[in-house]
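Peer 1: Let's have the full structure, built from the sequences with the hints guiding it.
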Amino acid sequence: DQQVKQNSPSLSVQEGRISILNCDYTNSMFDYFLWYKKYPAEGPTFLISISSIKDKNEDGRFTVFLNKSAKHLSLHIVPSQPGDSAVYFCAASVANSGYALNFGKGTSLLVTP
Amino acid sequence: GAVVSQHPSRVICKSGTSVKIECRSLDFQATTMFWYRQFPKKSLMLMATSNEGSKATYEQGVEKDKFLINHASLTLSTLTVTSAHPEDSSFYICSASDRVGYEQYFGPGTRLTVT
Numbered sequence: 001d002q003q004v005k006q007n008s009p010s011l012s013v014q015e016g017r018i019s020i021l022n023c024d025y026t027n028s029m030f031d032y033f034l035w036y037k038k039y040p041a042e043g044p045t046f047l048i049s050i051s052s053i054k055d056k057n058e059d060g061r062f063t064v065f066l067n068k069s070a071k072h073l074s075l076h077i078v079p080s081q082p083g084d085s086a087v088y089f090c091a092a093s094v095a096n097s098g099y100a101l102n103f104g105k106g107t108s109l110l111v112t113p
Numbered sequence: 001g002a003v004v005s006q007h008p009s010r011v012i013c014k015s016g017t018s019v020k021i022e023c024r025s026l027d028f029q030a031t032t033m034f035w036y037r038q039f040p041k042k043s044l045m046l047m048a049t050s051n052e053g054s055k056a057t058y059e060q061g062v063e064k065d066k067f068l069i070n071h072a073s074l075t076l077s078t079l080t081v082t083s084a085h086p087e088d089s090s091f092y093i094c095s096a097s098d099r100v101g102y103e104q105y106f107g108p109g110t111r112l113t114v115t
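Protein sequence lines correspond, in order, to chains A and B.
Under the working numbering, read the first sequence as residues 1 to 113, first letter to last.
Under the working numbering, read the second sequence as residues 1 to 115, first letter to last.
One or more of the hints may lead you astray.
Claimed, not checked - With a Cα cut of at most 27 Å, we get these calculated DSS-like pairs of lysine-lysine:
1) K71/A to K14/B
2) K66/B to K42/B
3) K14/B to K66/B
4) K68/A to K42/B
5) K64/B to K105/A
6) K105/A to K68/A
7) K66/B to K20/B
8) K71/A to K42/B
9) K56/A to K68/A
10) K54/A to K68/A
11) K105/A to K56/A
12) K54/A to K14/B
13) K42/B to K5/A
14) K5/A to K68/A
15) K5/A to K105/A
16) K64/B to K20/B
17) K42/B to K64/B
Source of the hints: derived by calculation from the structure; they are not laboratory data.
Predicted model, so just to flag it, every value in this text is computed and none were measured.
Peer 2: Structure (structure tokens):
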């Protein structure tokens, strides 16, 4: 049962524009959310995270928004760069589960020049 | 900082043999390590959680006698795939976290092919 869902398998954005990657979750117990970037045949690289007590966290070009009532979060990348092209995974965890991550299926982002 | 290594990066083995994959945290002490498996075009699936010095906690559907996990020290966890079969062929990734943050730092992954 997929508790974290990324419904868009792919996204194409022009360089310089904003990339918006979406993620929905079903488990209301999740209290920490993370975004990872992954290249083929490599492990995921941590990008940015947000605690359930916040609704926004910003780090450089990356901003994560959390809407708890809608059980929805999004990752904004602005401006998008060709080097951002990768698969982006949304993940969620529960503190009392030892922070084991539940991943979405990923969204493949392609940033075109 | 927060570097996690995995060894080997690729391994090919014959059916029926066992394969050991090592996961090391190089510059921090990992009280908790996680093992994930990724199937093609699928998300990362958590296999088990291991805390240093205690038995691993396996996710539902993961055979603990087939996927042996040992977390003997704060910097090393091993996953042994016993009596491997072709359906065990997959990309295995470990991650580690310390006491402080919630982030998990991932290893580069190990591609296992069972022939």
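Peer 1: When the hints from earlier in the document are held up against this structure, which numbers fail?
Peer 2: 1 and 12
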